[in-house]
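Engineer: Respectively, the protein sequence lines represent chains A and B. Add 57 to the 1-based position in the first sequence for the working numbering, that's all there is to it. Add 13 to the 1-based position in the second sequence for the working numbering, that's all there is to it.
Careful: at least some of the hints might be erroneous.
Unchecked claim - Counterexamples of contact, computed for chain B against chain A with all Cβ distances above 10 Å: (1) Ser50; (2) Glu105; (3) Arg121; (4) Ala169; (5) Leu236; (6) Gln237.
To be verified - No more than 20 Å apart at the CA atoms, straight line, and that leaves these computed lysine to aspartate or glutamate pairs for DMTMM-like: (7) Lys146(B) / Glu73(A); (8) Lys37(B) / Glu73(A); (9) Lys223(B) / Glu51(B).
To be verified - Output of the computed footprint for chain A on chain B, the stretches with three or more beta carbons under 8 Å from beta carbons of chain A: (10) 138-149; (11) 171-184.
Calculated directly from the structure, the hints in this document are not laboratory data. Every residue gets a Cβ at the ideal spot worked out from N, C-alpha and C, and that includes glycine.
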Amino acid sequence: MKKTRRRYLLFKLHREGPLIEEKQLSLTIWKSLLLLYGEIQAADSKLYMIDYNESTGEGILQCTLHSLQQVIAAAVVIGEINGTAVSFEPKKTSGTIKGLNR
Amino acid sequence: MSFDLGVLATDVSTIDAFGDIASKLGLIGFAIVGLQSEPFKTIKENLQVCNRVILHGKSIISVRKQIDKTRRKAMIVSVPLRSIDVVNWAAEDNRVDLLTVDPTQDNRLRDTTARLASTANTYLEIQIAPLLKSSGLTRSKILKSYRESVSTAMDAGMGIVLTSGAIYPMGLRSSVAMAHIGILLGMDRAYANCAVSSLPMSIIEKNMKKLQPGFVSNGVELLQKGDEK
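Chain A on its own, in the form it takes in the complex (with noise of 0.2 Å):
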């Protein structure tokens, strides 16, 4: 089986109103992306959240290379989270989670 290439995005989510957990923020992204493009390329996208801080709303998602840009449009596009007005911001992308820290 042919290895799938990763990228890392790192981003902020900006709230207004109560912490957003990982899950719901998790559950919400994929939801956003199934309803965008489909269940294949939500499957395809190989989404995982590498981790979270749920105070600063700094985390960091992992997806297939090929899938990056939908992920993205995915998040930012998402409104809100259980009556939390939030905006997603991407702020670095990059093939290894080393390098999002340069």
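Given chain A, put chain B in place with the hints provided.
Structural biologist: Chain B only, in chain A's frame:
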């Protein structure tokens, strides 16, 4: 570095909240509809707020009357894409900056309008707020309307500007986020970056010159009055 030309806040008290979020997202300013009297002012360090006017007239005569009254008071003047007569007139008029796509209406951007607009440097405005508020079939219809308009404008050489259309502060997006929405709407990466950063800045710079006291029209400037030595 980007400037959001389409904030639709309804309350003056929210301007500071918009300013806070805009600073966090790296914006250098935003244009707000009808909540301030000056064409522009600086509310924070490196953050400007401009006045924007939307001309809602149904006939050319009423829009012309409105634009005569408002052009010198507003940094940005826009016309929604509705009646063909008004839109074609606005596309050719140098005083109008933006033609705004209204996804709730059936009126689409026509090839002829886009060609007129490309010669007069009138830009197509796409507001992302309806995409954030909707889902499913409704969002699919909005995407269809936006993608068709983007395609028509790009084919005709008409510039496109992406704005937030935000009515609350969290409706704002960073320039990188907006560029990704541009790609979602059918633009290539370079074009999307241009629609978010350089085009809005060029509109602001052009209109800053127009608002100078000595400005008469493009290329004509009052350098000295008769009684001055």
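Engineer: Which of the stated hints cannot be reconciled with the structure, identified by number in ascending sequence?
Structural biologist: none
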